[in-house]
Amino acid sequence: MNLTTILSQKANANDLADSFIGRKIKDRVFLGVVILFSLLTISMVLLIIGTLVFKGHHQINWAFFTQTAPNTFDAMMAKSSGQLIPGGIVNGITGSLYLVLIASIIAIPFGVLIGIYVYENQQSKYASFLRDTADVLQGVPSIVIGLIAYLWVVVHVTHGYSVLAGSVALAIMMLPLIMRSTEESLKMIPDTLKEAAMALGTPYYKVIWRVLIPTSFSGLMTGILLAISRILGETAPLMLTTLGNPEITWNITKPISAVPLLIWQFYNDPNMVDLIWSSTLFLMGFVLILNLLSKWIAAKRKI
Amino acid sequence: MVRGSMLSIHQFGWKFLISSEWNPTQGDEHYGALLFIVGTLMTSVLALVIAIPLAFSTSLFVAEYFKGTRVASIVSTMVDLLAGIPSIIFGLWGFYILRPFIVSMGLSPQGYGIFTSGLILAIMIIPYATSLSNTTISMVSNELKEAAYSLGATRLEVIWNVILPNARSGITASYILAFGRALGETLAVTMLIGNSNIMPTGIFSTGNTMSSVIANQFGEASGLQLSALVEIGLLLFVITTIINAIGKFIIKKFA
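First to last, the protein sequences are chains A and B.
Taking our numbering, the leading residue of the first sequence gets 1, the next gets one more, and so forth.
Taking our numbering, the leading residue of the second sequence gets 1001, the next gets one more, and so forth.
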């Protein structure tokens, strides 16, 4: 072997080693970047939740849950004398619950029934049309849904801002979520179960009512809870439909307040700053608990 | 909605889309949506640009590097929590924490603007961008990956040459759907963009988006202005629906 071949072989080996180390290094660096960016994402969540807990906890007291929102003058007086702002957000809490209740009454039966229909008629054109409509509806920005509810209900039905308009907006947002989750959880039921019931001569409506719904019940609950947790924090559509109300009201043709609407009011009023954080903490706690509850039900079902 | 915006459609026709004038003064009313369309696109594109590296890393973290471990499930639960936080909370957090931070960095005198809103939007859309890409990345078959490893590929090379080409459509679709989300976000943006009816000059300039102008002016609007706002809503509806349809189409085509 002459010298040149040996040298060139050696050079090749060197190249190989270099590039192998280079590839290794690139690999490591990439892993580092992935971990760094993932941690950055996580730290955002912790930072947001941490800020709310840190700033919000000292206004959470008994009055917070039992009194209506203070007017700006009282808040200013309390603030200038260094006290806690009097009053609470009970008008918002009752308002939110009332809105969600009525929205659920509208959306749950429709959502579940349409979900069952779509599941039972997988192939039909109408079912796939419904499915596409639900997809479109799910992608519509919430403020546009607020506009729609305004044009339909506020202008033509109640002739003014109202609970009904807000509930309709929220129901429109819940509908596709409930429908899809109903369909998905029905799909998880083994066909044999349904066929067994059919073989016993059970009428179709009874199969749905006594077999399909009970077996997929926890799936339905998960979907409903998730949908509720999604709409609880919605503000934009409510700004266009329910406006807000300093009093507690149960009349569905009157304006009503809601926790997110109150937060928006507090945000626009420099005297109320301290109340923002506690209401936000409350809202987020409520939403996240519902969220985790639904995940927990879903996880329990899998076992 | 079409009926509600008729008044404005009749008045301005196609000029509504290309006019950048928004003047609600009585007697001299003139409305054009161009400002808001530009504002919406700028914030959403910026949000997507910021969100993609974060979302992609998180997806790889959960669905590839630490797949099936406790850490991964903690990370994915956290990201899911992010999806559950209401928009108004992001807005407040952006207003009280992020905005002062941007002011102290000297990026913008008031801290409002396209950049701030884009940043908060980016955080908001991360969960939407990750959820679908997580599933597609973890669905890439193990045999393909093992084949590449047995040829001596490093992990990065496997990700780049095996996972990405296989999961590409799902990942693209999830980013498109996340973009659709960003277009329609209202409150967080309204609180941070500065709400000035000027043509944005750069990413640190203030502006207004389609959703924020509706949220801001709806309360006082009536007549022609109301109709113009409804038309903006209609436009927003059409744009987001098209974007979502593209996303869904990609999913269907490659699923």
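Treat the hints with caution; some may be incorrect.
As the list claims (entries may be wrong) - Capping the alpha-carbon separation at 25 angstroms, the derived lysine-lysine pairs in DSS-like fashion look like this:
1) B:Lys-1145 x A:Lys-187
2) A:Lys-24 x B:Lys-1145
3) B:Lys-1145 x B:Lys-1253
Calculated directly from the structure, the hints in this document are not laboratory data.
None of the values given here were measured: they were computed from a predicted structure.
Structure-based check of all given hints:
no. : hint                    : verdict
1   : B:Lys-1145 x A:Lys-187  : 31 angstroms, violated
2   : A:Lys-24 x B:Lys-1145   : 17 angstroms, holds
3   : B:Lys-1145 x B:Lys-1253 : 24 angstroms, holds
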